[in-house]
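**Q** Each chain, letter by letter, is given below.
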Amino acid sequence: GDSVTQMEGPVTLSEEAFLTINCTYTATGYPSLFWYVQYPGEGLQLLLKATKADDKGSNKGFEATYRKETTSFHLEKGSVQVSDSAVYFCALSTLPGSARQLTFGSGTQLTVLP
Amino acid sequence: NAGVTQTPKFQVLKTGQSMTLQCAQDMNHEYMSWYRQDPGMGLRLIHYSVGAGITDQGEVPNGYNVSRSTTEDFPLRLLSAAPSQTSVYFCASSGPDSGNTIYFGEGSWLTVV
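Residue numbers (this note's numbering), protein chains in the order written: chain A, 116 to 229; chain B, 9 to 121.
By construction, these hints were calculated from the structure, which means they are not laboratory data. Treat the hints with caution; some may be incorrect.
Using 25 Å as the maximum straight-line C-alpha spacing, the simulated DMTMM-like pairs for lysine to aspartate or glutamate come out as follows [what the hints assert, rightly or not]: (1) Lys22(B) / Glu80(B); (2) Lys17(B) / Glu191(A); (3) Lys175(A) / Glu67(B); (4) Lys175(A) / Glu191(A); (5) Lys17(B) / Glu67(B); (6) Lys17(B) / Asp46(B).
Sample of chain B residues at the chain A side, in silico, Cβ under 8 Å [what the hints assert, rightly or not]: (7) Gly50; (8) Leu53; (9) Phe112; (10) Gly113.
Just so we're clear, the structure is a prediction, and the values are computed from it rather than from any experiment. Beta carbons are placed, not taken as given, at the ideal position from N, Cα and C, and that holds for glycine.
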């Protein structure tokens with residue numbers, strides 16, 4: 116079945132540091148890939164997505180590139196801020212043209228220190 | 009601009025009790041779902057619905073019932089609560105006008121003692 120493997124946390128960085136959170140996947144067909152973010156006490160919000168190979172999703176300074184050859188979708192940000200402290204989830208959907216059923220990774224807790 | 013609304017936000021139940029988690033969306037989304045979030049396991053799909061009158065099981069459906077009598081509402085029922093159902097529950101919805109992006113509620117924290 117489909118699965119998503121995320122870099123284990125927690126991750127602690129200083130403000131303005133470079134962030135990478137690794138995500139690899141196993142799926143049949145050609146999945147769409149997503150990063151969701153969960154701030155403390157809140158629900159999940161879509162951060163970015165990519166629907167086909169070599170697509171780059173970007174939002175709020177975060178980027179991730181859909182790499183079919185390495186089945187990866189690593190999340191990166193050049194300079195993190197304290198406000199980026201949250202849990203980040205990588206997810207995939209294999210339903211064509213839809214994000215209806217998501218398979219999630221286990222989440223990575225990020226803490227950014229001032 | 010309510011989006012996906014879940015109630016209650018916090019609940020403590022005794023083993024064997026039943027309860028219903030409410031979920032409502034005001035975006036006219038056809039697709040709704042329930043996930044549970046457990047430490048180190050991400051979110052897992054419990055049940056989902058592709059429209060009023062239609063429901064189906066997800067990855068972890070045992071111990072839960074759902075119904076979809078209207079487009080707006082998708083309640084999740086715990087028939088006889090067990091400590092293993094202690095979790096955070098998220099309702100979600102999506103539709104073609106949202107680009108099929110899934111929108112999540114703020115979560116319901118349930119503790120079964």
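**Q** Now tell me, hint by hint, if it's right for this structure.
**A** Status of the hints after comparison with the structure:
1. Lys22(B) / Glu80(B): violated (29 Å)
2. Lys17(B) / Glu191(A): violated (32 Å)
3. Lys175(A) / Glu67(B): Measuring from Cα to Cα gives roughly 32 Å; hence the hint is violated.
4. Lys175(A) / Glu191(A): Holds, at roughly 11 Å.
5. Lys17(B) / Glu67(B): holds (23 Å)
6. Lys17(B) / Asp46(B): Holds, because 16 Å separates the two Cα atoms, which is no more than 25 Å.
7. Gly50: Interface hint status for Gly50(B): holds (4 Å vs cutoff 8 Å).
8. Leu53: Since the shortest Cβ distance to chain A is 6 Å, the answer is holds.
9. Phe112: holds (4 Å)
10. Gly113: holds (5 Å)
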